[in-house]
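Protein sequence lines, in the order shown, are assigned to chains R and U. So in our numbering the end of the first sequence lands on 299, straight run, no missing numbers. So in our numbering the end of the second sequence lands on 299, straight run, no missing numbers.
There's no promise every hint is true.
Here are some chain R residues the structure puts well away from chain U; computed CB gaps all over 12 Å [what the hints assert, rightly or not]:
| # | residue |
| --- | --- |
| 1 | E53 |
| 2 | G87 |
| 3 | D111 |
| 4 | P133 |
| 5 | S168 |
| 6 | E187 |
If the Cβ cut is set under 10 Å, some of the chain R residues that face chain U in the computed set are [to be verified]:
| # | residue |
| --- | --- |
| 7 | S246 |
| 8 | R268 |
| 9 | L280 |
| 10 | S284 |
Across the chosen pairs, the derived CB separations fall in these ranges [stated by the list, open to error]:
| # | chain 1 | residue 1 | chain 2 | residue 2 | range |
| --- | --- | --- | --- | --- | --- |
| 11 | R | E53 | U | H178 | 36 to 46 Å |
| 12 | R | Q78 | U | G247 | 23 to 33 Å |
| 13 | U | G247 | R | E281 | 42 to 52 Å |
Rather than coming from a laboratory, the hints here were simulated on the basis of the structure. These numbers were taken from a predicted model, which means no experiment stands behind them. Virtual Cβ for every residue (Gly too), placed ideally from N, Cα, C.
Below are the chains, spelled out letter by letter.
2 protein chains.
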Amino acid sequence: MTGAKGPLIVIGGHEDKEGERTILKAIAEAVIGQKLIIATIASHRPEGYFEAYQQAFADLGVGSLVELYVRDREASQDESVRATFSDAGGIFFTGGDQLRISSQIGDTPIEAMVRELHERGGLVAGTSAGAAAMSDIMLVKGSSGETHRIGDLHMAPGLGLVEGAIIDQHFAERGRIGRLLGAVAQNPRIIGIGIDEDTAIVVNNRGMEVIGSGAVYIVDGSGVTRSNISEARPERTLSMHDIRLHVLSAGDIFDLESRSPQSRATQECREEAHA
Amino acid sequence: MTGAKGPLIVIGGHEDKEGERTILKAIAEAVIGQKLIIATIASHRPEGYFEAYQQAFADLGVGSLVELYVRDREASQDESVRATFSDAGGIFFTGGDQLRISSQIGDTPIEAMVRELHERGGLVAGTSAGAAAMSDIMLVKGSSGETHRIGDLHMAPGLGLVEGAIIDQHFAERGRIGRLLGAVAQNPRIIGIGIDEDTAIVVNNRGMEVIGSGAVYIVDGSGVTRSNISEARPERTLSMHDIRLHVLSAGDIFDLESRSPQSRATQECREEAHA
Numbered sequence: 025m026t027g028a029k030g031p032l033i034v035i036g037g038h039e040d041k042e043g044e045r046t047i048l049k050a051i052a053e054a055v056i057g058q059k060l061i062i063a064t065i066a067s068h069r070p071e072g073y074f075e076a077y078q079q080a081f082a083d084l085g086v087g088s089l090v091e092l093y094v095r096d097r098e099a100s101q102d103e104s105v106r107a108t109f110s111d112a113g114g115i116f117f118t119g120g121d122q123l124r125i126s127s128q129i130g131d132t133p134i135e136a137m138v139r140e141l142h143e144r145g146g147l148v149a150g151t152s153a154g155a156a157a158m159s160d161i162m163l164v165k166g167s168s169g170e171t172h173r174i175g176d177l178h179m180a181p182g183l184g185l186v187e188g189a190i191i192d193q194h195f196a197e198r199g200r201i202g203r204l205l206g207a208v209a210q211n212p213r214i215i216g217i218g219i220d221e222d223t224a225i226v227v228n229n230r231g232m233e234v235i236g237s238g239a240v241y242i243v244d245g246s247g248v249t250r251s252n253i254s255e256a257r258p259e260r261t262l263s264m265h266d267i268r269l270h271v272l273s274a275g276d277i278f279d280l281e282s283r284s285p286q287s288r289a290t291q292e293c294r295e296e297a298h299a
Numbered sequence: 025m026t027g028a029k030g031p032l033i034v035i036g037g038h039e040d041k042e043g044e045r046t047i048l049k050a051i052a053e054a055v056i057g058q059k060l061i062i063a064t065i066a067s068h069r070p071e072g073y074f075e076a077y078q079q080a081f082a083d084l085g086v087g088s089l090v091e092l093y094v095r096d097r098e099a100s101q102d103e104s105v106r107a108t109f110s111d112a113g114g115i116f117f118t119g120g121d122q123l124r125i126s127s128q129i130g131d132t133p134i135e136a137m138v139r140e141l142h143e144r145g146g147l148v149a150g151t152s153a154g155a156a157a158m159s160d161i162m163l164v165k166g167s168s169g170e171t172h173r174i175g176d177l178h179m180a181p182g183l184g185l186v187e188g189a190i191i192d193q194h195f196a197e198r199g200r201i202g203r204l205l206g207a208v209a210q211n212p213r214i215i216g217i218g219i220d221e222d223t224a225i226v227v228n229n230r231g232m233e234v235i236g237s238g239a240v241y242i243v244d245g246s247g248v249t250r251s252n253i254s255e256a257r258p259e260r261t262l263s264m265h266d267i268r269l270h271v272l273s274a275g276d277i278f279d280l281e282s283r284s285p286q287s288r289a290t291q292e293c294r295e296e297a298h299a
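If we strip away everything but chain R, and leave its shape as in the complex, we get (with noise of 0.2 Å):
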């Protein structure tokens, strides 16, 4: 007798907190009049962090904000931290570094916590290493603008949220696409995600839906005829033919069980017709 889980909104970074707010008004309407757990645990110093997003959810009709900060991973046992998961709408993990989050509350109540509210149906959200944080395997360490070399690249084990996917940040800006495809060539299975910065996808089930201002780059390895990433050599440069790439933005809707995209607009004529 479970519910559906709640959404997911993961963020590409840098999202906007002054102008239009685009993504923080979907957290804002996710947890309409309920409490949202600020969770500034991925930086080493989350000073200020809890201030500024005060301030860009002030008028957003949230019901209360909170701080969770955990200094290391003995705090994350404290099972006094269960008050303020009681009765929270949804948890949203700021920016760092995402090993924090893993290493610091993995196999922890605070985890176990974060994957009650998801399945209760309330809204866990992330901006950049928040992001990370939320896939099943994520990015570590790899060079940004420049082509992937085999043995550049460092991954480690997320929360699992968004299940089967590996998910990148920053990512036009960073010129990530190389140590992303790196990655989806070690394993096919596994989906990757690339995000624009002030861009999200907003996950539901198995479909997800993106908004912002930039855009999701989809890695679809599950075709390809060949790469050289298991060969010898670390420094050698990556090799991979016959990738699927798509370039989602505002709008768009990808299916991450079939691996397809199609527009909203698309997907609108579709319903109206089996109508």
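Since chain R is already given, all that's left is putting chain U on it; use the hints.
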């Protein structure tokens, strides 16, 4: 009774001039013992370019090096440069501004001589702006390091030596996948070729092989199911579904006619099987 056309060597910029010099060696081998014209036409201030290449090519077995520079279009009409071309084995266009090449020599005797040289088996090479100018359509302006906005791209006719292709350079280094996708979206008849620095394609007939240390990205839009490129608002972010992408590195071969990649190892196996 025309013989085979000469090879084209198209370089993504910043080719190694001091170490292995893989690309310069390929150029030298193609004109071995003959004269190589260094065309510094793309530069507004060509001082020093020729001397740098004199030094880089010094011990590579080129017969002689001669500089070709034209200050303006009028100078390109001067038939006296015919002597420079008559006994040359090849021409190498250095970097600068691709519009200088096309606007200064397009439809002049110099352009005709470059084409003659190519048609009688001579080498035509180009790096950076010199590479861009070799394609049918040149990318002249467009943002790097961000996702493509529909209105943010300027193209111009190039020398047309690499047919049916648009070539972009400094590719991964400047995060240019967005603008190349935007160019291909405008007409998927054109294949997009993005070349990293210190990387080149060697084009013979309809085939090309990758040399150098980086990668070459092939954007094939022939299967694109949807793009929003013809929509009105120029600030709209690109949306483009079902792109076929190949990442090629040293030793990879690509057939421009069939748009199919293969590795040299595979091709050699096939040739053996047919022998």
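Cross-check of the supplied hints:
no.	hint	verdict
1	E53	holds (22 Å)
2	G87	holds (33 Å)
3	D111	holds (38 Å)
4	P133	holds (39 Å)
5	S168	violated (8 Å)
6	E187	holds (22 Å)
7	S246	violated (13 Å)
8	R268	holds (7 Å)
9	L280	violated (15 Å)
10	S284	holds (8 Å)
11	R/E53 - U/H178: 36 to 46 Å	holds (39 Å)
12	R/Q78 - U/G247: 23 to 33 Å	violated (48 Å)
13	U/G247 - R/E281: 42 to 52 Å	violated (21 Å)
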